[in-house]
Amino acid sequence: MTSSIPIASVIPASAGEGATVELLGVVKSYGAHRALSSIDLAIRPGEFVALLGPSGCGKTTALRALSGLELVDGGRILIDGRDVASVPTNKRDIGMVFQSYSLFPHMTAIENVEFGLRMRRVAAGERRDRAAEALNMVGLASFAERFAHQLSGGQQQRVALARALVTRPRVLLLDEPLSALDAKVRVQLRDEIRRIQTELGITTVFVTHDQEEALAVADRVAVMRDGVIEQIGTPEELYATPSTPFVADFVGLSNRMPAELVGGKVVAHGLSMDLLGDPLPDGPVTAWVRPEDVAIASDGVPARVVSSSFLGSLRRTQVALADGSLVSIQHDVDVRPQPGERTFLRLKGAPVIAVPRAH
Amino acid sequence: MSAASRLGTEPNRVTRAVILGVVGGIFAIPIIAMIQFTFRDGLAGGYTVTHWTGLIGEDAARTYRILFQAIGNSVVLAIVTVAIVLLILLPTMILVHLQFPKLKRVLEFICIVPITVPAIVLVVGLAPVYAIVVRLFGSGAWTLAFAYGITVLPYAYRAIQSNLDAVPVVILSEAARSLGANWPTVLRLVLLPNLRRGVLAAAFIAVAVVLGEFTIASILNRTNLQTALLQVSQSDPYVAAIFALLALALVFGLLLLIGRLGAPRNRRTE
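Protein chains in written order, with our numbering: chain A, 1 to 359; chain B, 360 to 629.
Don't read these hints as lab results, they were simulated from the structure.
Backbone N, C-alpha and C fix where the C-beta goes; we use that ideal spot for every residue, glycine too.
Careful: at least some of the hints might be erroneous.
Take a look, some chain A residues computed to stay more than 12 Å from chain B by CB distance [said to hold, decoys possible]:
1) Phe115
2) Gly116
3) Thr167
4) Leu173
5) Asp175
6) Ile296
Some, not all, of what chain B presents toward chain A, calculated at C-beta under 8 Å [claimed, not checked]:
7) Gln458
8) Glu467
9) Thr475
10) Ile530
11) Ala534
12) Arg536
13) Ala540
14) Leu546
15) Val549
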């Protein structure tokens, strides 16, 4: 259902000139619980930033603070340099798509899309034309007269996206808009959101708990935990050089391996690897090693195959070492280890992150 | 065939007909008896339409002045009571639902309490209050609406609350605000159209309760439809029965109207 309508005709005003968004020392508490502990985040015009983290990490609170649906306890929220922290939601000029279906049930799809234009007192004729174009942009031109209950979940979220974009907002906020959809529709709509965002050049903040989703669409990803941003960087940076064990665990898969830190190098299974992040004193450490940084080999550390799963373009095999610890290995599909088989593993020596381990 | 009937939990046609017949009979028999009574020709037996035609005669307005005045009072009472429900209860419920969800249980408790208090007890408590009401607002029959506003609370609350629970009010209002709507616009263009059924049900139930109320009006010495019917029935039971029937028909009509007007637009257009 992917459409290829030239979007510039729908929303020309802001194309290629999204707003800057800055959160400076933003604090928000619910009673004794601190949902946001002094968040700092600067988003460039037209940038697509994902806020990623487990439930309760503060990512949705940060987005709602940006939208004005939650008032913050402290700090500044700047859109294009103007502090909007005390500006009500309806005057912030944002577009928002919610996690749950939020189409107005008593209006048709096109009336839903027209709503924001109506609030801006756009004349009826122009309103209708722009709403129709926006529906066209999300590939739902022929569904204009349908009510929400006559649309599938994916279609409802597309209409919600058209509704959020038709007013040419300065910032687009997406609060887990894909989480209620089934896997296939989710990937389709995810790619479409990215396509539309790139063409419009609208500054976008996308909240998700799904790391694959965040890595797939965002220019930069901010990994959040307990109300703070643990690390912000491009998907490649987060994956290759996580700054904390939490980020290493949350973004992609990692094996935790016992290792020794010797002269600033991490030594595990006889192989010396560079340490990522801040230097540590020598001694026992736990190292985080990606499954693709481990290989099945003809010699090395002896292991026994526990299980092996086919994942389409690659295969992931779990092996047990002599001490009973389990290691995941990612490798080509044409290598097919059988459960119970004796094998060997070898580390490839990519830089790793490590933390001191008690003796 | 629905899952329920496959499991045998849905009654079959015969059972349904029997239940409908018995329940329908319980309601229909007194009404049919009333209709039949209004056509009876005194103790002599036989039937006549004079009781009905007497109402449209020239003297009727004078003879049944109290009844027509009472109908006027009851209509005013119904309007004021509905206004109380729509202007005080509805905004309060929406506000609690959106902004103070922790107060939901408190509000529910307050609204349900009147159903547990017998009208006679309520009046005993209201009598001294009405001494003040009379001083402030005079002794017009419409002031009874303050008391009726309380007695209809449980019914109106239930009607509105079930609608509020069925509509994702919070998310719809957040979506509307993100699109640039201020609170009054959110209420007018987004919430009320989706709460129409509950609001209409609350309003019509309030009308039905007000038209059927006797105890409070009687003890506080106000004239409403029911007190007037009792008074008239002592001199002319036929006319009292006719007016009771008409009031019943009016309420019945109102309830049918809920079904019509309350049906959401997106279902009607299917």
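message = To test your reading of the hints: which numbers does this structure violate?
response = 1, 2, 3, 4, 5, 7, 8, 9 and 14
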